[in-house]
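Per full-length UniProt numbering: the sequence shown = residues 1 to 756.
Please keep in mind that the hints were generated in silico from the structure rather than gathered at the bench.
DSS-like cross-link-like pairs, simulated, lysine-lysine; straight-line CA separation at most 25 Å:
1. Lys286 to Lys715
2. Lys115 to Lys130
3. Lys198 to Lys241
4. Lys740 to Lys358
5. Lys583 to Lys736
6. Lys198 to Lys248
7. Lys358 to Lys169
8. Lys37 to Lys244
9. Lys715 to Lys248
10. Lys244 to Lys198
11. Lys37 to Lys715
12. Lys589 to Lys740
13. Lys241 to Lys52
14. Lys736 to Lys715
15. Lys589 to Lys715
16. Lys37 to Lys286
17. Lys169 to Lys198
Label pairs and their calculated CB-CB ranges:
18. Tyr146 to Gln748: 49 to 59 Å
19. Ile136 to Trp106: 14 to 24 Å
20. Trp106 to Gly576: 37 to 47 Å
21. Lys37 to Ile545: 33 to 43 Å
22. Trp557 to Arg50: 51 to 61 Å
23. Lys358 to Pro383: 25 to 35 Å
24. Pro750 to Pro323: 48 to 58 Å
25. Ser349 to Arg50: 51 to 61 Å
26. Val372 to Gly142: 23 to 33 Å
27. His325 to His44: 52 to 62 Å
28. Gln748 to Trp289: 31 to 41 Å
We put the beta carbon where it would ideally sit given N, CA and C, even for glycine.
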Amino acid sequence: NGGGMNGTSKMMDFLEEPLPGVGTYEDFNTIDWVREKSRDRDRHREITSRSKESTWALIHSVSDAFSGWLLMLLIGLLAGSLAGLIDISAHWMTDLKEGVCLAGFWFNHEHCCWKSNTTFTDRDKCPEWKSWSQLIIGHGEGAFAYILNYFMYVIWALLFSLLAVLLVKGFAPYACGSGIPEIKTILSGFIIRGYLGKWTLIIKTVTLVLAVSSGLSLGKEGPLVHVACCCGNILCHLFTKYRKNEAKRREVLSAAAAAGVSVAFGAPIGGVLFSLEEVSYYFPLKTLWRSFFAALVAAFTLRSINPFGNSRLVLFYVEFHMPWHLLELIPFILLGIFGGLWGAFFIRSNIAWCRRRKTTRLGRYPVLEVFVVTAITAVLAFPNEYTRMSTSELISELFNDCGILDSSKLCEYVNDFNSTKGDDLPDRAAGPGVYTAMWQLALALIMKVFITIFTFGMKVPSGLFIPSMAVGAIAGRLLGVGMEQLAFYHHDWVIFSGWCSQGADCITPGLYAMVGAAACLGGVTRMTVSLVVIMFELTGGLEYIVPLMAAAMTSKWVADAIGREGIYDAHIRLNGYPFLEAKEEFSHKTLAMDVMRPRRNDPPLTVITQDSMTVEDVEAIINETTYSGYPVVVSRESQRLVGFVLRRDLIISIDNARKKQDGIVSTSIIYFTDHSPPLPPSSPSMLKLRSILDLSPFTVTDQTPMEIVVDIFRKLGLRQCLVTHNGKLLGIITKKDVLKHIAQLANQDPDSILFN
1 NGGGMNGTSK MMDFLEEPLP GVGTYEDFNT IDWVREKSRD RDRHREITSR
51 SKESTWALIH SVSDAFSGWL LMLLIGLLAG SLAGLIDISA HWMTDLKEGV
101 CLAGFWFNHE HCCWKSNTTF TDRDKCPEWK SWSQLIIGHG EGAFAYILNY
151 FMYVIWALLF SLLAVLLVKG FAPYACGSGI PEIKTILSGF IIRGYLGKWT
201 LIIKTVTLVL AVSSGLSLGK EGPLVHVACC CGNILCHLFT KYRKNEAKRR
251 EVLSAAAAAG VSVAFGAPIG GVLFSLEEVS YYFPLKTLWR SFFAALVAAF
301 TLRSINPFGN SRLVLFYVEF HMPWHLLELI PFILLGIFGG LWGAFFIRSN
351 IAWCRRRKTT RLGRYPVLEV FVVTAITAVL AFPNEYTRMS TSELISELFN
401 DCGILDSSKL CEYVNDFNST KGDDLPDRAA GPGVYTAMWQ LALALIMKVF
451 ITIFTFGMKV PSGLFIPSMA VGAIAGRLLG VGMEQLAFYH HDWVIFSGWC
501 SQGADCITPG LYAMVGAAAC LGGVTRMTVS LVVIMFELTG GLEYIVPLMA
551 AAMTSKWVAD AIGREGIYDA HIRLNGYPFL EAKEEFSHKT LAMDVMRPRR
601 NDPPLTVITQ DSMTVEDVEA IINETTYSGY PVVVSRESQR LVGFVLRRDL
651 IISIDNARKK QDGIVSTSII YFTDHSPPLP PSSPSMLKLR SILDLSPFTV
701 TDQTPMEIVV DIFRKLGLRQ CLVTHNGKLL GIITKKDVLK HIAQLANQDP
751 DSILFN
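Based on the sequences and whatever the hints tell you, model everything.
This is the structure:
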């Protein structure tokens with residue numbers, strides 16, 4: 001092995017040229033935000049300096065700057081296209097449970113009846129659309145026809161849900177659930193390989209259609225955020241600066257999340273605010289504008305490819321004819337209290353059920369669980385027209401302000417049109433249809449409150465936005481009709497006498513439904529500003545921002561008084577993801593020395609010396625430990641800190657050196673200094689690995705308050721920091737140690753933090 005040669009001549013820096021894999025991260029690890037941002041700054045400086053040397057370099061610099069906007073355009077187009085495909089397919093398959101169109105089986109009920117000559121009141125009974133009983137036995141009246149339609153409804157629901165869970169289980173386990181808790185964790189710097197991959201995208205898109213069409217109490221809005229982030233992650237591979245930098249990729253994913261909310265609700269501004277308030281960990285100003293661009297492109301793409309959807313740019317367009325009165329803030333705040341109580345109840349119940357799911361027989365058999373929940377949902381839903389219809393259709397009907405031509409039960413009042421002006425109808429006595437609708441809505445409310453608890457978290461794609469809005473909209477409509485009848489029969493009461501005279505159009509039940517929907521959604525997610533903006537964009541009701549804000553803030557305060565976590569944060573903690581919540585204050589008086597490892601009576605900290613360990617010694621450390629990295633010190637005696645090296649970089653560098661560098665054997669010295677240490681002439685070649693050494697690891701002293709340490713981890717996105725005393729290395733604090741410490745102080749199980 002080169003005996004007799006000079007040691008210096010045999011020395012080389014093997015990593016002068018970067019190796020594939022060096023600087024990347026293993027699965028279930030946290031990225032180094034500081035290093036990633038430093039790399040991007042170095043790359044940008046190099047491109048800027050080269051742009052002055054030649055025209056080609058200048059063109060490359062311009063294309064590099066433009067690539068971010070091009071990527072946003074592609075994400076918007078792809079996310080909008082997939083959302084349109086999901087929307088069209090889900091509408092068709094939802095209607096397929098009740099019948100089929102003879103003019104073309106690919107038409108849903110609404111589109112099938114577009115060209116029908118039926119009257120406005122009978123627009124849903126066109127001859128082109130046939131129920132299953134009409135197709136099979138020739139008529140749709142009678143007990144047997146009802147039972148046959150009931151049976152077909154349940155069979156289709158079971159078929160759709162079983163197909164969804166089997167596809168998820170067999171091809172893409174990460175395609176289940178909402179996806180927002182995991183996306184929040186990924187955006188904070190965590191690596192979950194495959195969660196945003198192509199198979200997850202394909203299966204999530206297909207199974208989302210099936211899950212929504214099955215009639216389960218779930219929505220497609222949360223999963224659409226996951227779908228959009230998958231699009232963003234896959235398209236990142238087309239651009240080098242995003243493919244090779246995890247921090248830059250997370251900027252793209254933040255914009256993709258905004259695009260996902262935009263296509264879910266038709267709310268570009270709300271999507272950006274949702275990404276900023278609820279999802280993103282790092283959100284610079286340029287990401288704000290790019291997110292808005294991606295959200296706009298996605299929303300317009302969806303509207304342009306979906307000819308069956310609402311022609312307007314809002315999902316639940318409302319046109320209320322009377323303004324709200326200041327005294328109505330009292331029932332609006334009551335709806336906020338209801339929303340907060342519902343949110344806290346739902347979170348506690350759902351988390352408790354999800355914990356039991358891991359231990360009960362039903363939880364160990366996800367296909368059986370989906371089958372049972374779908375069967376119960378379908379059997380209970382069919383007899384009630386408000387649970388049988390799709391949840392989006394239900395919300396739209398509840399938001400509706402009754403007009404002269406409305407044929408819904410909710411609008412069956414005792415008619416008195418003497419004081420009617422245009423489309424404005426006075427408050428009237430409720431007719432039999434309204435009372436029937438109230439009972440049906442009350443039963444629908446009870447069903448949705450409880451069935452959603454067991455549905456959210458099953459092994460199918462499941463969103464929570466629309467089910468939560470449905471619960472609030474039902475409660476709001478019930479309260480709104482109650483207030484309307486109270487004002488009609490008791491208009492002389494003090495609370496009504498100043499602004500609601502007899503025969504006037506004072507109370508708008510649809511507005512109460514809209515406020516209730518916002519309150520329940522806010523109680524579950526703890527959204528505030530973004531929620532109000534989304535509701536405004538959903539309905540087009542700009543003048544109702546104050547009632548919406550009052551209800552949203554009240555629901556948040558009430559829910560926070562019962563439990564601080566929203567549903568997504570609760571699921572993050574349930575799954576043990578290493579997410580450090582930036583909104584929570586750390587008020588305990590512990591020190592870094594109380595949290596660092598090694599603790600008292602623990603083995604000493606595993607370190608690598610800068611120039612005295614062999615390849616064999618380093619490989620032994622790697623094989624005997626599972627740490628993600630190792631501090632490098634001057635010597636074991638001095639423990640003076642030199643830097644920090646990642647385990648993955650060490651493994652890749654040593655393996656490549658053995659294959660490609662002559663003379664590297666087990667007894668070769670590894671050194672991290674500028675100059676090789678003095679060795680006998682007969683020693684084997686040395687391996688210089690200074691290029692993979694982080695020479696500026698973040699350090700704190702042992703007396704640093706943990707309040708400051710936690711703040712540093714949050715704001716810098718650290719994966720670890722080293723603890724020193726007078727320059728001497730004492731220990732290490734990782735993100736997992738911080739999370740365990742916070743859990744312990746909150747009387748929670750510190751071992752619930754599962755990942756590195």
